[in-house]
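*Asks:* The lines below spell out each chain.
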Amino acid sequence: MTELPLIGEAVAVAAVPRLAGARIGVVTFPGTLDDRDAARAVRLAGGTAVPLWHADTALGDVDAVVIPGGFSYGDYLRAGAIARFAPLMSKIIDAANSDAKLPVLGICNGFQILTESHLLPGSMIKNDHLKFLCRDQVLRVENSNTAWTLDYQAGQEITVPLKNQDGQYLADEKTLDALEAENRVVFRYVGFNPNGSRRDIAGISNAAGNVVGLMPHPEHAVETGFGPESLDGIGGADTDGLGFFTSVLTKIVGGDK
Amino acid sequence: MSTETTKKFNIDTVANAEKTPDTELPWAGLGLKQNEFDDILKVLGRRPTGAELAMYSVMWSEHCSYKSSKNHLRQFGEKVTPEMKKDMLVGIGENAGVTNLGDGWAVTFKIESHNSPSFVEPYQGAATGIGGIVRDIISMGARPVAVMDPLRFGAIDHPDTARVMHGAVAGIGGYGNSLGLPNIGGEMVFDAVYQGNPLVNALAVGVMRHEDIRLANASGKGNKVVLFGARTGGDGIGGASVLASESFDDTKPSKRPAVQVGDPFAEKVLIECCLELFKGSLVEGIQDLGAAGISCATSELASNGDGGMAVELTSVLLRDPTLTPGEILMSESQERMMAVVTPENVAAFEAVMDKWAVEYAWLGEVTDSGRLIITWEGEVIVDVDPRTVAHDGPVYDRPFARPDWQDAVQADLFTGSVQDAGRPAAPAQLAAAVTELVASPNMCSKAWITNQYDRYVGGNTAMAFPDDAGVVRVDEESGLGVALATDANGRYTYLDPYHGAQLALAEAYRNVATSGAVPMAVSDCLNFGSPEDPDVMWQLAEAIRGLSDACMVLGIPVTGGNVSLYNQTGTTPIHPSPVVAVLGKLDDVARRTPSGWREDGQAIYLLGTTAVELDGSEWANMRGHLGGLPPKVDLDAERALGEILINASRDGMVDSAHDLSEGGLAAALVESSLRYGVGARIALQDVMDRDGVDLFTALFSETQGRAVVGVPRSEEVRFTDMCTARGFAHTRIGVVDADSGTLAINGVDELALDALREAHEGTLPKYFG
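Chains as they are written, first to last, in the working numbering: chain P, -13 to 243; chain S, 327 to 1095.
Calculated from the structure, these hints are not laboratory results. Since we're looking at a predicted model, the values are computed, not measured. You may find that some hints are simply not true.
Said to hold, decoys possible - Here are the computed lysine-lysine pairs in the DSBU-like style, where the Cα-Cα straight-line distance is at most 35 Å:
#: 1; chain 1: P; residue 1: Lys160; chain 2: P; residue 2: Lys117
#: 2; chain 1: S; residue 1: Lys772; chain 2: P; residue 2: Lys112
#: 3; chain 1: P; residue 1: Lys237; chain 2: P; residue 2: Lys87
#: 4; chain 1: P; residue 1: Lys117; chain 2: S; residue 2: Lys772
#: 5; chain 1: S; residue 1: Lys605; chain 2: P; residue 2: Lys77
#: 6; chain 1: S; residue 1: Lys1092; chain 2: P; residue 2: Lys117
The task is simple: from the sequences and hints, build the whole structure.
*Replies:* Following this line, the structure appears as structure tokens:
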């Protein structure tokens, strides 16, 4: 039986043959929303997206993992609080902390799950204006040495969509100082802090740089015509998020960019 | 269920009903009229049981039976040519109509109202409105891919408007965002007529492969009937309190919400779970549970199939074990579906439920008895012909007549009225007027609302607010996609219901064509006052007649929709508000046309001619005047304009296109400039000379069949040749000026884009924070 593609289902096209062997797992929890988008981003970057199910008890042979956005378990109790206990999460936590340093990217709800899992410090609370906000957001890449930012320049400004209700990043002052001192603030909001995050922090990494979490959505800025408009409106920003995925693919296959 | 629970009820069985014909029943409290109750007695040949009465009362309600509008709605099915039917795969009558998109793809869409719940409890009312329409789309076998929400609120400065507005917008966002469905557009109107009766309509669109189309019918004797999704609770039971006599004790909660409470997480899981069922071809028929809950699902599934079904009601999983049989039948708890499954597929069905952790209960099976039999612990409490419940409800030929005030309203022209005093003419006055217009409640930027909705999720949104239509890609390889727009103008329809409804259709049609898509199908949500008021009934009859006539001329069929009546505050009805949604097709969404210009030096053309049409306009509304006749409808011109816009988009002759509607040319020029923050230099002398209008009229008239387009210099000759060949009026009114940062209109003081933006975007935050 030949299967017809569902809407948004990834169609395997290896844009970069060298990268197609790299397998990026995309985790789906009940309530995950952006899993198809994350898989599409992996594919457009040239890699192979591997669907992972929250109840799986093994990671399989994936080279990196994306935990996409959404409302896992309805964000009930607290965003990410229930998903953190999924069988697959303990495997991801172990792999991220292992010597192999599995690259893990948490986007939005994925970021919330990573802080709940203590792979990343701090937490997210409701936006300071108390509303859900969807906008094209300018970010500054503060650290281009993580597994997910190698293809960017430090200081580079990119525009990617932001959309959340609980996006205000919070940590105690000591933690914030340490994050800054260790160059673990990976992204900052530029021009407008959309949720009251401390020190304009949009995304952070762990000490080793293999685990990155951020609130904005790079997977929604990977395809011309379907991404954000640059602020001057003359186009050109709609693929600013692709670098996340090419970065990790390049790191996995090694060698020159 | 445990027997302790069931012991509490005095179950009114069919046998008991036969033995006790004279038992008083609370039919009036359930909203039934004497003649309707008499009909039930006649149909059954005995008094109904409490459970049967509950079923008939909800299924024969205006909301479920369309009893006041049915005789008129028929026209949507009658005024259809074979040509209009050629792409219709499923027509009116199912959960939603289905249209062929080609390449094996089909699209289904529908618009519905959730007005009264949204006034009582705005957040949950609006949220469950989205939930309900999305389940209609899933029921057809489709993956939902986008939603839209046309909204009407009371006066912007009325203290209660903020309550409704905040709640409804947060509800739509809270629910829709959690489902992973991009919100791609809609409308927002403020008018005091909606103060005690806001309109919260919701549209959903879904796509599927042809072979995945599912219908709501229960066929195949011996097939199993299953209820799955959320548990059944006491929410959404309208008149159920009168059924309290069923209960012997007072342990149940004293007050139950009449408004349903939504759980978007449960709905999201239900979507994925249903799609997996469809993929495995595990269900024979499927029906969502919306209004009238299990009553509706069982009677509709049974009557559309082989005609029989046996159901054991105690198998229903409950949130509240104290619910009576009647309450279980009437409950409108959200996030539930009913399906018919063959015995061979039961195990596979259960595996899908277990994977998604969705609760389910096997309630019974399909029979060939022609009867819907519902039992409570084996005792028959419902024994009816399901058709009599689902389809043979009362139909009323409500009296209607042209209101005696209509002539006076139509004679009250804006031009020369008290409100027209001091009409702007000088350059400074006109500049102030343009700024006032784009900051006015109905014309201001809707970003405050749309920024609370996720427009990106899914990665297929090619266009969304503030462009004229929302565009979603369907096929990632070919770029095939759909465009959608909804429109309605209650003021136009109040002035002239026949033409007002046509204007709503014309505008939605124009918006879709403006995006470059070919209009294909219509769904309508007819929001009106009480059908028992002959004035309102006339508005409804005229609107339906107008809409169905116009669909014939434009060649696009109505594939579904909804009627919402009794929208009034006391005895004052809302403006008749037929909200019309048009769906169009784009072969490649990459060719869509946005509403703003970008490239310096591009020529700006005005398509169509301008007449003095200010009655019912936004300008007259801002000045507090409502009278006269709405703009003239010319459907042939709309069709010609549509063809030009579609061709121009397909052949790359235009880079921007924006339709002219409320607020006229002034609004369009400002919006096209602010879209990308790129200015323009405009001169309207040619338009004024040709059409014999003054500058104010050229800017503020709401003549239909017009659009402004941005044409690349290399395409100008080809574009004007096309317009000339088609005999369509076109005038070069200016050029894009990327560096100026201003909108410069000859005869109007220069308008700085920054100031325009501040005015345009400042209004909603000013009122709503």
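*Asks:* Run through the hints listed earlier and report the numbers of any the structure violates, in increasing order.
*Replies:* Failing hints: none at all.
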